[in-house]
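**Q** These are the residues of each chain, in order.
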Amino acid sequence: MQEPQLNSLYQQLILEHYRNPRNKGEMDDSQVEVHMRNPSCGDEIKLQLRVEHGRIADVRFTGQGCSISQAAVSMMTQLLKGKPVDDVGSMADRFTEMMHGDEEAAKDRRMGDLRALAGVSRFPVRVKCALLGFDALQEALRKLGDSSTEN
Amino acid sequence: MQEPQLNSLYQQLILEHYRNPRNKGEMDDSQVEVHMRNPSCGDEIKLQLRVEHGRIADVRFTGQGCSISQAAVSMMTQLLKGKPVDDVGSMADRFTEMMHGDEEAAKDRRMGDLRALAGVSRFPVRVKCALLGFDALQEALRKLGDSSTEN
Amino acid sequence: MATRADSGHPVQTPALDAHALRRDFPALQQEVHGHPLVYLDNAATTQKPVAVLDAVQRYYREDNANVHRGIHELSRRATEAYEGARAKVARWIGAADPSEVVWTRGTTDGINLLAAAWGLDHVKEGDEILLSVLEHHSNLVPWHLLARRTGARIRYIEIDDQGEWILDDLPELLNERTRIVSLSHVSNSLGSINPVEQVVPEIRARTDALIVLDGAQGAPLLPVDVHGLGVDFYAFSGHKMCGPTGIGALWGRRDRLEAMEPYQGGGEMISLVERDASTWAEVPHKFEAGTPNMAGAVGMGAAVDYLESVGRDAILAWEQALVRYALDRLSDLPGITIYGPRAVERRSGVVSFTLEAAHPHDISTIVDMHGVAIRAGHHCAQLVMQRYGTAATARASFYIYNTREDVDRLVSSLHEVLKIFG
Amino acid sequence: MATRADSGHPVQTPALDAHALRRDFPALQQEVHGHPLVYLDNAATTQKPVAVLDAVQRYYREDNANVHRGIHELSRRATEAYEGARAKVARWIGAADPSEVVWTRGTTDGINLLAAAWGLDHVKEGDEILLSVLEHHSNLVPWHLLARRTGARIRYIEIDDQGEWILDDLPELLNERTRIVSLSHVSNSLGSINPVEQVVPEIRARTDALIVLDGAQGAPLLPVDVHGLGVDFYAFSGHKMCGPTGIGALWGRRDRLEAMEPYQGGGEMISLVERDASTWAEVPHKFEAGTPNMAGAVGMGAAVDYLESVGRDAILAWEQALVRYALDRLSDLPGITIYGPRAVERRSGVVSFTLEAAHPHDISTIVDMHGVAIRAGHHCAQLVMQRYGTAATARASFYIYNTREDVDRLVSSLHEVLKIFG
Ligand SMILES: Cc1ncc(COP(=O)(O)O)c(C=O)c1O
Ligand SMILES: Cc1ncc(COP(=O)(O)O)c(C=O)c1O
Chain V
21 MQEPQLNSLY
31 QQLILEHYRN
41 PRNKGEMDDS
51 QVEVHMRNPS
61 CGDEIKLQLR
71 VEHGRIADVR
81 FTGQGCSISQ
91 AAVSMMTQLL
101 KGKPVDDVGS
111 MADRFTEMMH
121 GDEEAAKDRR
131 MGDLRALAGV
141 SRFPVRVKCA
151 LLGFDALQEA
161 LRKLGDSSTE
171 N
Chain P
21 MQEPQLNSLY
31 QQLILEHYRN
41 PRNKGEMDDS
51 QVEVHMRNPS
61 CGDEIKLQLR
71 VEHGRIADVR
81 FTGQGCSISQ
91 AAVSMMTQLL
101 KGKPVDDVGS
111 MADRFTEMMH
121 GDEEAAKDRR
131 MGDLRALAGV
141 SRFPVRVKCA
151 LLGFDALQEA
161 LRKLGDSSTE
171 N
Chain R
-2 MATRADSGHP
8 VQTPALDAHA
18 LRRDFPALQQ
28 EVHGHPLVYL
38 DNAATTQKPV
48 AVLDAVQRYY
58 REDNANVHRG
68 IHELSRRATE
78 AYEGARAKVA
88 RWIGAADPSE
98 VVWTRGTTDG
108 INLLAAAWGL
118 DHVKEGDEIL
128 LSVLEHHSNL
138 VPWHLLARRT
148 GARIRYIEID
158 DQGEWILDDL
168 PELLNERTRI
178 VSLSHVSNSL
188 GSINPVEQVV
198 PEIRARTDAL
208 IVLDGAQGAP
218 LLPVDVHGLG
228 VDFYAFSGHK
238 MCGPTGIGAL
248 WGRRDRLEAM
258 EPYQGGGEMI
268 SLVERDASTW
278 AEVPHKFEAG
288 TPNMAGAVGM
298 GAAVDYLESV
308 GRDAILAWEQ
318 ALVRYALDRL
328 SDLPGITIYG
338 PRAVERRSGV
348 VSFTLEAAHP
358 HDISTIVDMH
368 GVAIRAGHHC
378 AQLVMQRYGT
388 AATARASFYI
398 YNTREDVDRL
408 VSSLHEVLKI
418 FG
Chain S
-2 MATRADSGHP
8 VQTPALDAHA
18 LRRDFPALQQ
28 EVHGHPLVYL
38 DNAATTQKPV
48 AVLDAVQRYY
58 REDNANVHRG
68 IHELSRRATE
78 AYEGARAKVA
88 RWIGAADPSE
98 VVWTRGTTDG
108 INLLAAAWGL
118 DHVKEGDEIL
128 LSVLEHHSNL
138 VPWHLLARRT
148 GARIRYIEID
158 DQGEWILDDL
168 PELLNERTRI
178 VSLSHVSNSL
188 GSINPVEQVV
198 PEIRARTDAL
208 IVLDGAQGAP
218 LLPVDVHGLG
228 VDFYAFSGHK
238 MCGPTGIGAL
248 WGRRDRLEAM
258 EPYQGGGEMI
268 SLVERDASTW
278 AEVPHKFEAG
288 TPNMAGAVGM
298 GAAVDYLESV
308 GRDAILAWEQ
318 ALVRYALDRL
328 SDLPGITIYG
338 PRAVERRSGV
348 VSFTLEAAHP
358 HDISTIVDMH
368 GVAIRAGHHC
378 AQLVMQRYGT
388 AATARASFYI
398 YNTREDVDRL
408 VSSLHEVLKI
418 FG
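If you read the protein sequences in the order shown, they are chains V, P, R and S.
For what it's worth, my numbering labels the leading residue of the first sequence as 21, then goes sequentially.
For what it's worth, my numbering labels the leading residue of the second sequence as 21, then goes sequentially.
For what it's worth, my numbering labels the leading residue of the third sequence as -2, then goes sequentially.
For what it's worth, my numbering labels the leading residue of the fourth sequence as -2, then goes sequentially.
The set of hints was computed from the structure by calculation and includes no laboratory data.
One should not assume that every hint holds.
[Said to hold, decoys possible] Quick partial rundown of chain P residues pointing at chain R, CB under 8 Å, derived from the structure: (1) 23; (2) 26; (3) 28; (4) 30; (5) 61; (6) 62; (7) 66; (8) 86; (9) 143; (10) 144; (11) 147; (12) 149.
Here a beta-carbon is modelled for each residue, glycine too, at the ideal position from N, C-alpha and C.
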């Protein structure tokens, strides 16, 4: 195996999201809120979501952690706005594929800025960091589904 | 170290005591009785003692175990009859020395048949077997001392 | 008690070349008291093949670091090796999911884990724990301790003259108060392979007790399938199956593991620690407090690789072939009593015996002076000894590297015993 | 928080040749990501010298057998090696009597032993257990579990901005309900050497609580004298002092050990087993159920021999010399915060720090790519992290084989971090 390269990990776009995260903050009118923590490293995020007519109307996060976890959430939220809820599953799958080194996934334009994270796949211990956002998102949608079924 | 020899361990005298133990049985008029067990191998003996005028008037044992433990008790009881109680401590010390390889002790005529056990010192894992009888004896005398002080 | 093996089954030529295998074991290449070593104390612990020693060495020389949480390269490699070993050990007992395998120090540690972590929360005064008289102290004393703390009652499956469970009593022994049934898969003192395939469904049908198998002697020998057995827990030790000392595993059904509180507290097993409380990591890490025996785990994984290369099914066949031969030869000795099942197909590689002429300790010392290592004593099974009214037996136990020549050496050294004590 | 080391003490030339010592450690002779490895994760686990690896190998290749009870030659030799190692480990912490040393899997195991075997019998609702905020999870969670079972209350010695205990509160924290005081000798997250010589007599004067020291970081570093310290128990791990994984020791005062019920039940720890009860073996075997980690014990004994050859007193001096140099060099980095005591003589070989620009995980990944292994995270000390309002720090920790060049490599790789995140 060729040595992984640091510059394939720390792309400028990642550092930029880390310094200037998108959709960071709290919203008052969220329908669901998830607090997710990576117990092995202490990274954490809170994700808030509002869904309207089957689409993600708004999404916000707060959190703390490494550049990878925080940039990944920021990129994810950026991509989510306006997306049909039904697309989220396949997006999450695609991103997971990317994290496992799938080069096709890494070129998939639907993934937006998240493609900058493709290099993380060469750093296995950091993959969990990158997945934290999608883990929270899927948990949020599950919660939302549960509560809508209950009503 | 030279290899220890089996025939230095299994002296005829030992096998003879093993087959025909002296003073084996129970007595009715014992003053003290001790049950002693070697937890690591399960060998056990019950030792009964009667002391008169500071001398060991009678001693009996029952028990089960290997040839070394049973022969050693038998030899010990044989030697004890009529001995002053005050001599027991130094006899036990002498026997322990023999078990640790002291060649002078192994020739000490006061030790009687017990001298046949000198070879056990070359078999360290069996030394405990040989000491079981004296352990019980010392425990018995301690008990006797305690009860006489109490009275 | 069995004297001579039933000869109902034809002797097959097993698919295992013990003479070739023994070259893999450095400890077997030595002389003891001037004789080539014949090691027949495998039920106590087995020797280790070079492949296992090398795996442990490689771990220390190349990968050694604390596992989990570490980002640096050595820690990544150590974690990979450690979790990879867990998958191998899971495979060995047919467990589908490696995360159902908890690393322990050995069988004893695994059973104590259950007695404390399950027992203290689920067993109350008047509840019952069912064991068998065949059990090793490690599958007795943890339950005695639990019974003392909780006021539970211990009951026993009895054994017959051949060391086999008396199962007629089972319906009476099980009732709605039975919380735990903990039984040995294979007895270490007599070598009985217990009919767990038959008994476990009967227990399930009658109670919802926790069913635990002590696999210390089963895992090294039998092609175990924990799902097929239908038990809740299976505990075993690395050192009895060519692995290092200080490592073992406890397999448990996920729902049971998840329902259980942690056993030990410490690093690696927590999620969040606050001043007054903590939350736990996921199974299996919840049960793995502190720095684990990483090199041990890697070595146990390598032991599984080695035993798989020997052949999962060949092991039992070879041990039974040796036992058949040993029973035949031993039964010619005057005054011998051989314990355990008469039928060789219900026996492991253990042969427990006594001689009228000589005590087991004397037997052991004399054969040792002829280079033959056997064990003498109660084999941590005092209830078995009490059952047969003896304080001790001599025990020869075989493993994959033993040969018929080893049996011959045992027999000829027993003749020396008889010469001395005859 | 300390920024630059106090320069009150003249730099001595320590009597330890780290460049020579590192040749004894195979794992240090490798490249990682194209750079010679600089291993600075010693507080997590240390590397192993050839002498230790050889001792373990020799045990397996020549002596391997189950200890105790065995009569045959290998068992005798294994027992001798195992008990000989116990005497060495006792010597390392100044314990006069080897039989006061109980083998454990490590510090975590030792503390859990105490929490269960002592705690469950002696701690009642409303009783108090005193810990400090500095503690490793392994010295927190076992007591949390005990508190939950018994209804006891946990109290804490707080720490100041330099990571030192605030002792003014001690009189208030101790009272007649205090049953156990369990404190770290040396902190793993900040490197503080805690003033136990001062504190232990104060505790003794005020209560008859059990006094336990977590020596995981103390034993590898300090010339420990358990009698002089006046504590009841001292727990430590082999793997943090050049020994194998899966082995550690718990020293305890004989009267305390004898007053304590067993922890785990099983083989080796009993005297007599009957159907409903058992009686226990003598101390220390009463606490050593099951087949022990014999090879691990032998390896830990060899580690003591090795460290003695290095020199008991040279270790601390060398680590403090490195820390002094590291603090000097690190404090020039822009945006760095260094945690722990300002005075180097109150520090172990641990330097915990954060950078404003980059998160500890990113620091760790980047320096790892330059061959430098450090740890990033909460270091199993979440209460310490909470105290300083951070989720994680980066931690470099030194041992006998680290050199000033290693510090230079750390610093230069941190400059690479700043380049990326600058
Ligand atoms: C201060 C301290 N206490 C306890 C422990 C736990 O030691 P172990 O993981 O070896 O059980 C450690 C190390 O991990 C430590 O640094
Ligand atoms: C049947 C049985 N159970 C339990 C044990 C205990 O295993 P360990 O000593 O490896 O914990 C043994 C072996 O000693 C055994 O043979």
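**Q** Take the hints in turn and mark each one as holding or not.
**A** Hints versus structure:
no.: 1; hint: 23; result: holds (6 Å)
no.: 2; hint: 26; result: holds (5 Å)
no.: 3; hint: 28; result: violated (11 Å)
no.: 4; hint: 30; result: holds (5 Å)
no.: 5; hint: 61; result: holds (6 Å)
no.: 6; hint: 62; result: holds (4 Å)
no.: 7; hint: 66; result: violated (14 Å)
no.: 8; hint: 86; result: holds (4 Å)
no.: 9; hint: 143; result: holds (6 Å)
no.: 10; hint: 144; result: violated (11 Å)
no.: 11; hint: 147; result: violated (12 Å)
no.: 12; hint: 149; result: holds (7 Å)
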